[in-house]
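Novice: What follows is each chain in one-letter form.
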Amino acid sequence: MDIFRYAIYRLFTMLLTLLVVSVLVFAIINLPPGDYLSNQIAELRSTGQTSGLAKAEFLRKEYALDRALWEQYMIWMGFMPGPQGWSGMLQGNFGWSFEFDRPVAEIVGDSLWLTVLVNLAAVLFIYLVALPLGVLAAARSKTWVDYTAAFVGYLGLATPNFLLALILFYYGNKHLNLPIGGLMDPIYEGEPMSLAKVKSILIHLIVPTFVIGTSGAAAMMQRLRANMLDELGKPYVETAIAKGMAPSKMLTKYPLRVAFNPFVADIGNLLPAMVSGSVLVSVVLGLETIGPTLLAALKTQDQFLSGFVLMFVALLTLIGTMISDILLVMLDPRIRYEGRDA
Amino acid sequence: MTILPDGRYVDDAPFDPKASLQDLERKDLDAPNWLLIWRKFREHKLGLISGIFLLLSYLMLPFAGFIAPYGPNERFSDHLFSPPQAVRLFHEGDFIGPFIYPLTAEANLETFQWEFKPDIENPQKLRFFCEGSDYQIAGLIPARTRLFCAPEGTTVFVWGSDRLGRDVFSRIFYGAQLSLTVGLIGITVSFLLGITFGSIAGYFGGKVDWVINRVIEILRSLPELPLWLALSAAVPSNWGPVAVFFIISLILGVLDWPGLARAVRAKFLSLREEEYVRAAEMMGASSGRVIRKHLLPNFTSHLIASATLSIPAMILGETALSFLGLGLRAPAVSWGVMLNDAQNLASIEIYPWTAIPMLPIIVVVLAFNFLGDGLRDSLDPYQG
Numbered sequence: 001m002d003i004f005r006y007a008i009y010r011l012f013t014m015l016l017t018l019l020v021v022s023v024l025v026f027a028i029i030n031l032p033p034g035d036y037l038s039n040q041i042a043e044l045r046s047t048g049q050t051s052g053l054a055k056a057e058f059l060r061k062e063y064a065l066d067r068a069l070w071e072q073y074m075i076w077m078g079f080m081p082g083p084q085g086w087s088g089m090l091q092g093n094f095g096w097s098f099e100f101d102r103p104v105a106e107i108v109g110d111s112l113w114l115t116v117l118v119n120l121a122a123v124l125f126i127y128l129v130a131l132p133l134g135v136l137a138a139a140r141s142k143t144w145v146d147y148t149a150a151f152v153g154y155l156g157l158a159t160p161n162f163l164l165a166l167i168l169f170y171y172g173n174k175h176l177n178l179p180i181g182g183l184m185d186p187i188y189e190g191e192p193m194s195l196a197k198v199k200s201i202l203i204h205l206i207v208p209t210f211v212i213g214t215s216g217a218a219a220m221m222q223r224l225r226a227n228m229l230d231e232l233g234k235p236y237v238e239t240a241i242a243k244g245m246a247p248s249k250m251l252t253k254y255p256l257r258v259a260f261n262p263f264v265a266d267i268g269n270l271l272p273a274m275v276s277g278s279v280l281v282s283v284v285l286g287l288e289t290i291g292p293t294l295l296a297a298l299k300t301q302d303q304f305l306s307g308f309v310l311m312f313v314a315l316l317t318l319i320g321t322m323i324s325d326i327l328l329v330m331l332d333p334r335i336r337y338e339g340r341d342a
Numbered sequence: 343m344t345i346l347p348d349g350r351y352v353d354d355a356p357f358d359p360k361a362s363l364q365d366l367e368r369k370d371l372d373a374p375n376w377l378l379i380w381r382k383f384r385e386h387k388l389g390l391i392s393g394i395f396l397l398l399s400y401l402m403l404p405f406a407g408f409i410a411p412y413g414p415n416e417r418f419s420d421h422l423f424s425p426p427q428a429v430r431l432f433h434e435g436d437f438i439g440p441f442i443y444p445l446t447a448e449a450n451l452e453t454f455q456w457e458f459k460p461d462i463e464n465p466q467k468l469r470f471f472c473e474g475s476d477y478q479i480a481g482l483i484p485a486r487t488r489l490f491c492a493p494e495g496t497t498v499f500v501w502g503s504d505r506l507g508r509d510v511f512s513r514i515f516y517g518a519q520l521s522l523t524v525g526l527i528g529i530t531v532s533f534l535l536g537i538t539f540g541s542i543a544g545y546f547g548g549k550v551d552w553v554i555n556r557v558i559e560i561l562r563s564l565p566e567l568p569l570w571l572a573l574s575a576a577v578p579s580n581w582g583p584v585a586v587f588f589i590i591s592l593i594l595g596v597l598d599w600p601g602l603a604r605a606v607r608a609k610f611l612s613l614r615e616e617e618y619v620r621a622a623e624m625m626g627a628s629s630g631r632v633i634r635k636h637l638l639p640n641f642t643s644h645l646i647a648s649a650t651l652s653i654p655a656m657i658l659g660e661t662a663l664s665f666l667g668l669g670l671r672a673p674a675v676s677w678g679v680m681l682n683d684a685q686n687l688a689s690i691e692i693y694p695w696t697a698i699p700m701l702p703i704i705v706v707v708l709a710f711n712f713l714g715d716g717l718r719d720s721l722d723p724y725q726g
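Chain order of the listed sequences is A and V.
The numbering of the first sequence is the numbering used here, which starts it at 1 and goes up by one.
The numbering of the second sequence is the numbering used here, which starts it at 343 and goes up by one.
Just so you know, not all the hints are guaranteed correct.
Unchecked claim - Okay, derived cross-link-like pairs now, BS3-like style, lysine-lysine, Cα gap no bigger than 25 Å in a straight line:
hint, chain 1, residue 1, chain 2, residue 2
1, A, K174, A, K197
2, A, K249, A, K142
3, A, K142, V, K382
4, V, K387, A, K142
5, V, K609, V, K549
6, A, K142, A, K234
Said to hold, decoys possible - Ranges of calculated distance between the beta carbons of each label pair, as one might list FRET restraints:
hint, chain 1, residue 1, chain 2, residue 2, range
7, A, D230, V, P578, 46 to 52 Å
8, V, T530, A, F79, 36 to 42 Å
9, V, A608, A, D110, 40 to 46 Å
Hints listed in this document are in silico derivations from the structure and should not be mistaken for laboratory results.
The beta-carbon is built from N, C-alpha and C at its ideal position, and this holds for glycine as well.
I would like the entire structure built from these sequences, with the hints used as guidance.
Specialist: Written out as structure tokens, the structure is:
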């Protein structure tokens, strides 16, 4: 099996997983008793307002909320024609947000890209920080460099993300004049991309990236350090040192390449935690990603909106994991294509 | 000791041919596993200190009411957002024992905030083993005696008071009761599920293994927090704090087991080929017995280490959920609920002490990490 067949196989399993995830997501968002519309109808009834009733009843019919659960699922996904014909997620119709009274696609809009951007920045941050620090900590193991790195790493793991976010925001603003809240200056919102807008986004990204990436970077650094230490004891390293190679060249040329493997593979494990972190941090910092939207939608039982956001978040992680798996196979010839679970 | 005629010394004790020169080493080799683990663990100073700290923290939980000077929801409406009061020992150079300067509150009409001024002329000694408001030891035994209380007519807020005028110091101790146990319940659930599914998958293999493995993969590939959020949003809001607490710990546990199951499965895959397993099977032991009596004991210690390492994630999870308002809700007190007050920058700027509950969180999480590391390093006493 060559790399393309492996990629296709991986894509196929990802789609299957996504299908299962969609069932899970649908089940979860339907767990709370009642739905947005029936709650609204009950409220309208109890307050004696009849004008909104007709609309709510209409929406209920329109979105098939009066049908059996499995039918609702099929219609939502687009496996089955609903009251509006074939129009589910598969056909690109993400549903209707009852809370905002607008299509879901319109509400999430830009925030999808910003979510991807924030997470990409965090992945980049993890690599940029963990790689040099992990190697350094291993090369200078049991010295102050190692201990400092370990201490910072532990602290990064132990501090709740959202608190780190608040504290960094506060001090970043006080001492470094970093902006508070949001992902760009309000004046650029809705404006077309320009150099100034990109700059504004980049400055706003600093704190969130740091916050989301820290715990991941700490975990990855520890892993890389452990792997490097394993490799550093091997005879080939001794040979390299004995023949007089410069330490920095020796490190990057031999042991790092061997120890690099989990560096790529781990990102697949880290991604779920990172996306989680970004949701939380976005809520706290008021970033225009889908985090706050998800929280609001979950609290008001706006089921199509929360369902879509959950699906998107899952898709994001699955794609990330898939890419890391394929990269791993490309980078490391020792890995067999036929699944690693054998 | 006898001296022989030729001047040699001879031991009087009868010669025991069974006594071996290697007696000392023999004793070491025959020492039970836990003793060896303990010996090795003792050398891991950080882990040892963390372990003792955690043990004390958990032992303290039933007596939170005794240590805290106030009840968890006791309010002082004259002391909203009161700053921390230092407990001092020396007044104008004289030692007079632990005392505080009483605070007087004054409304500043320009900033619309209460301003507190310590009355440094008038030191008030703290009372010890005094009568406070009612509380219950371990939720069962009613009691009134508290370790220390405020002097008559004034207050003692060691770590300040929050927006409703409740003592942050006391609430941290009450909050520990929920915040620390949430991890234990969660890990129990996760353990039961993880071991059951992991061992079934590893021991039986085949189709069962395939299915369980896929489930594990799917659950592991999903971001936890959105799922936690979604599941906790499904908890009816009219449930009592205790029910919510149990549901939250269940949710944390239910989403945590795949990691453990994977480890158990991998271990089982290699162990089930061992000869003693085949021997047990041939003697007619049921699969359940083989799993429980022959396979699991092989790596209980590893399981304990990995459990220790996953408790912090649950504590942080509860904190995050409560912080966002989807976990425990007032009147329940947990560290996350308390941090809910410190949710915005303004309160961190003006009332930094409302963020104090983050300190116990960080310390406890660090302690669990160090303890777990120490355990992991010392679990293989025969190695190295």
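Novice: All hints, please: hold or fail.
Specialist: Hint check results:
no., hint, in the structure
1, A:K174 - A:K197, "23 Å, holds"
2, A:K249 - A:K142, "21 Å, holds"
3, A:K142 - V:K382, "20 Å, holds"
4, V:K387 - A:K142, "16 Å, holds"
5, V:K609 - V:K549, "18 Å, holds"
6, A:K142 - A:K234, "18 Å, holds"
7, A:D230 - V:P578: 46 to 52 Å, "51 Å, holds"
8, V:T530 - A:F79: 36 to 42 Å, "39 Å, holds"
9, V:A608 - A:D110: 40 to 46 Å, "43 Å, holds"
Of the numbered hints given earlier, the model fails none.
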